[in-house]
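S.K.: Next come the chains, spelled out residue by residue.
There are 2 protein chains.
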Amino acid sequence: MKKLHKIGFSKLTPLVEAIEKLFSKIHLNPIEEVEIKAALNRILAEDIISSLDIPPFDRSAMDGYAIQAEDSFKATPNSPKKIKLVGIIEIGESSSLKINKGEGIKISTGAPIPEGSDAVIKIEDTEIENNRISLYISLPPGKNISKKGEDIKGGTQVLNKGTELKAEHIALLTSLGFNKVKVRTKPKISIFSSGDELLEPGVSLQPGKIYNSNTPMITALVNLYGGLVIRGESVKDNRETIKNKLFEAAEDSQIIIFTGGTSVGTKDYLPEIINDTGSVLTHGIAMRPGAPVLIGTLKEGIIFCLPGTPVAAYVSFLKITGPAIRKMLGCSVLDPRIEIMAMIDKDVPVSGLGYLHYLRVKVKKEKNEFIAIPVKLKGSGVISSLTKSDGIIEIPPHQEGLKKGEKLIVKLFPR
Amino acid sequence: MKKLHKIGFSKLTPLVEAIEKLFSKIHLNPIEEVEIKAALNRILAEDIISSLDIPPFDRSAMDGYAIQAEDSFKATPNSPKKIKLVGIIEIGESSSLKINKGEGIKISTGAPIPEGSDAVIKIEDTEIENNRISLYISLPPGKNISKKGEDIKGGTQVLNKGTELKAEHIALLTSLGFNKVKVRTKPKISIFSSGDELLEPGVSLQPGKIYNSNTPMITALVNLYGGLVIRGESVKDNRETIKNKLFEAAEDSQIIIFTGGTSVGTKDYLPEIINDTGSVLTHGIAMRPGAPVLIGTLKEGIIFCLPGTPVAAYVSFLKITGPAIRKMLGCSVLDPRIEIMAMIDKDVPVSGLGYLHYLRVKVKKEKNEFIAIPVKLKGSGVISSLTKSDGIIEIPPHQEGLKKGEKLIVKLFPR
Numbered sequence: 018m019k020k021l022h023k024i025g026f027s028k029l030t031p032l033v034e035a036i037e038k039l040f041s042k043i044h045l046n047p048i049e050e051v052e053i054k055a056a057l058n059r060i061l062a063e064d065i066i067s068s069l070d071i072p073p074f075d076r077s078a079m080d081g082y083a084i085q086a087e088d089s090f091k092a093t094p095n096s097p098k099k100i101k102l103v104g105i106i107e108i109g110e111s112s113s114l115k116i117n118k119g120e121g122i123k124i125s126t127g128a129p130i131p132e133g134s135d136a137v138i139k140i141e142d143t144e145i146e147n148n149r150i151s152l153y154i155s156l157p158p159g160k161n162i163s164k165k166g167e168d169i170k171g172g173t174q175v176l177n178k179g180t181e182l183k184a185e186h187i188a189l190l191t192s193l194g195f196n197k198v199k200v201r202t203k204p205k206i207s208i209f210s211s212g213d214e215l216l217e218p219g220v221s222l223q224p225g226k227i228y229n230s231n232t233p234m235i236t237a238l239v240n241l242y243g244g245l246v247i248r249g250e251s252v253k254d255n256r257e258t259i260k261n262k263l264f265e266a267a268e269d270s271q272i273i274i275f276t277g278g279t280s281v282g283t284k285d286y287l288p289e290i291i292n293d294t295g296s297v298l299t300h301g302i303a304m305r306p307g308a309p310v311l312i313g314t315l316k317e318g319i320i321f322c323l324p325g326t327p328v329a330a331y332v333s334f335l336k337i338t339g340p341a342i343r344k345m346l347g348c349s350v351l352d353p354r355i356e357i358m359a360m361i362d363k364d365v366p367v368s369g370l371g372y373l374h375y376l377r378v379k380v381k382k383e384k385n386e387f388i389a390i391p392v393k394l395k396g397s398g399v400i401s402s403l404t405k406s407d408g409i410i411e412i413p414p415h416q417e418g419l420k421k422g423e424k425l426i427v428k429l430f431p432r
Numbered sequence: 018m019k020k021l022h023k024i025g026f027s028k029l030t031p032l033v034e035a036i037e038k039l040f041s042k043i044h045l046n047p048i049e050e051v052e053i054k055a056a057l058n059r060i061l062a063e064d065i066i067s068s069l070d071i072p073p074f075d076r077s078a079m080d081g082y083a084i085q086a087e088d089s090f091k092a093t094p095n096s097p098k099k100i101k102l103v104g105i106i107e108i109g110e111s112s113s114l115k116i117n118k119g120e121g122i123k124i125s126t127g128a129p130i131p132e133g134s135d136a137v138i139k140i141e142d143t144e145i146e147n148n149r150i151s152l153y154i155s156l157p158p159g160k161n162i163s164k165k166g167e168d169i170k171g172g173t174q175v176l177n178k179g180t181e182l183k184a185e186h187i188a189l190l191t192s193l194g195f196n197k198v199k200v201r202t203k204p205k206i207s208i209f210s211s212g213d214e215l216l217e218p219g220v221s222l223q224p225g226k227i228y229n230s231n232t233p234m235i236t237a238l239v240n241l242y243g244g245l246v247i248r249g250e251s252v253k254d255n256r257e258t259i260k261n262k263l264f265e266a267a268e269d270s271q272i273i274i275f276t277g278g279t280s281v282g283t284k285d286y287l288p289e290i291i292n293d294t295g296s297v298l299t300h301g302i303a304m305r306p307g308a309p310v311l312i313g314t315l316k317e318g319i320i321f322c323l324p325g326t327p328v329a330a331y332v333s334f335l336k337i338t339g340p341a342i343r344k345m346l347g348c349s350v351l352d353p354r355i356e357i358m359a360m361i362d363k364d365v366p367v368s369g370l371g372y373l374h375y376l377r378v379k380v381k382k383e384k385n386e387f388i389a390i391p392v393k394l395k396g397s398g399v400i401s402s403l404t405k406s407d408g409i410i411e412i413p414p415h416q417e418g419l420k421k422g423e424k425l426i427v428k429l430f431p432r
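Line order of the protein sequences matches chains A and B.
Per my numbering, the very first residue in the first sequence carries number 18; after that it's consecutive.
Per my numbering, the very first residue in the second sequence carries number 18; after that it's consecutive.
Hints are computed from structural coordinates only; laboratory data are not their basis.
Just so you know, nobody snuck in bad clues.
Since the list can't tell identical chains apart, any single copy or any two copies may satisfy a pair.
DSS-like mimics (lysine-lysine), calculated; alpha carbons at most 27 Å apart, straight line:
| hint | residue 1 | residue 2 |
| --- | --- | --- |
| 1 | 91 | 118 |
| 2 | 170 | 379 |
| 3 | 165 | 115 |
| 4 | 164 | 393 |
| 5 | 363 | 384 |
| 6 | 384 | 424 |
| 7 | 405 | 197 |
| 8 | 428 | 384 |
| 9 | 381 | 420 |
| 10 | 118 | 165 |
| 11 | 54 | 178 |
Looking at chain A on its own, in the form it has when it is part of the complex (with noise of 0.2 Å):
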């Protein structure tokens, strides 16, 4: 019997050690300043410890009167008690009036409370007439006050590095007075197709040609995932064009991709370039799609050779290069994508132990249950499949398939 050989990359390495390779190769990007109003979906650089109290003072939390408590004790819509106006703080006002017993002054939501008073009635509970107030509900201390300090106390630490910026983030900074803040700059990020079957779209179909959609596909992941895309390009399966671009994007890239050219095709030339001037960190990883992956460095850059199947590429950037950029980044959380539990609604069966797989899945939500439908799909150049599809099962290594009712994870596609 005559040995069958394995072409190309003998061994297919996991992708828990791929990963530990790659991110050992991985500095974490300067830091520069940017405007508060330019940091949504950026990653935080620094922890950020509140300066201030917030709220920086005892303010109003309702429209009505700032008293003494014990002024409205056993008042009632039948019997109320009366006090006297003797002011008005209006928001925004630093005032020095002060209150005593039988005393109330008008006030507004977010104003401070003045000395002496313990509680805001509100308005709706009152009735005023030549400056007599009626207080027609008895209030307990404290009531209607946004005590200083109670949302942030000063010195405490708020926000964590690594941190990605949303709205909610850039409230709370903006509450503390940052109007610029801490981010780790964007990778720089050169891509390149590589097929002599490859159109750019906008020209018509040639006999054996398809449309380059591997460039315009990464550059969106690229930017959904934080990293700046410097160069986006198809390039010909020439050994001599494809290391000149390879070197000149190595000049001012962190990371370069590519997409297509790393198999063990006759005009896969990547692979020997990368060895020949570089480095190859990993070449064959164990999953499908995305077993052709080649991770490899040159000078300071990065490289990604991804399969050139744009399922294949989807997801390897899913899984490798996406939470190679956050971490250049210092972002706390590598994988953006979130995770739902869903059950699956039939058998799947898995050819071909020893890899990790990812299945595409449809998510319907029934009653109080979200329920997982694989995507029907022929190989992994299906874009369609992707598509139609909400989120990704993974199916580890030595796990036979999936049983129908299962309880999965769906990690849904990045948004």
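With chain A held as given, fit chain B onto it using these hints.
M.R.: Frame of chain A; chain B shown alone:
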């Protein structure tokens, strides 16, 4: 007994009713064409019908040899079948090569299948010597061939208008040859925060004042929801100033968002101004937080007056203003928040029946279950209750509260 009168909004409108009135005033935005590489997160304005078959021709799914499957029948590693190599087809080529019985053509992944062939044998399953190919396995017809139109048949609808374009949709569109796509123009939006207590971040804090965190927060939310912020300012609580700003914004904005100034304080001028110059659709909505919301119109613009307290402004935006923006964009999903199912970890009583309540919760994963932990809070001014939470549970108006262990929908914060 004296009758207590309600001041301000005399009647609270149920949210669904307010939304219905609001949506009746909303028109779809015009269509513009954008380059595909700038289309991420835009809303598709046309149904997409494929003008092509994808793949456009039968192509090889593997690197190997195009053969007649029959020639491989009964082949095993111990008794291989032999055929003759008669040529090579590279990817991107349009070849006129044909094969007959007993012949094979070397072929790359993605290259067109030659006439006469009905299967591709992987290179790993063969050996070649002096143009004689040994086939070590038996293949069924069709093996390793991606049939023309297998992914998408020409003439089928592949994307619906109203789709929010993500990486996978961009890939699909480009694979069909699109380099531009029709989307809805972004609604132009002006944002004002009103209040004499507001300071812009960057200056030092003064007594009685707080920093304006609402404008940057709402700006971030508008960006997330697909609007275009053309103006963002804080304004003093002065009738003329507010009126002037409102009229200035109504000239060029489709949506005008105010935070603050909608309640019943002495300086809350907005309801009166809108009532005098435009039209109030709803003032006062039966939800907590967010009750003081006012929705109105002025000329062609829609005005949202959201509460001044950040959490109330945030929640009102998610429930009302955000969906209105997406309605203008023609988006098929008006509320883009992701829902997960979670078990609440304690009883939550609700005071104030008749209100829709928004409960902020932190979500934790425990085994195969999500646990929702209510975030302790005091009042709707507490920004840190947002940064400490992951999402919101909605408690319907006529429910008295939540029971520990109940399984509920958590709407995650928009990302």
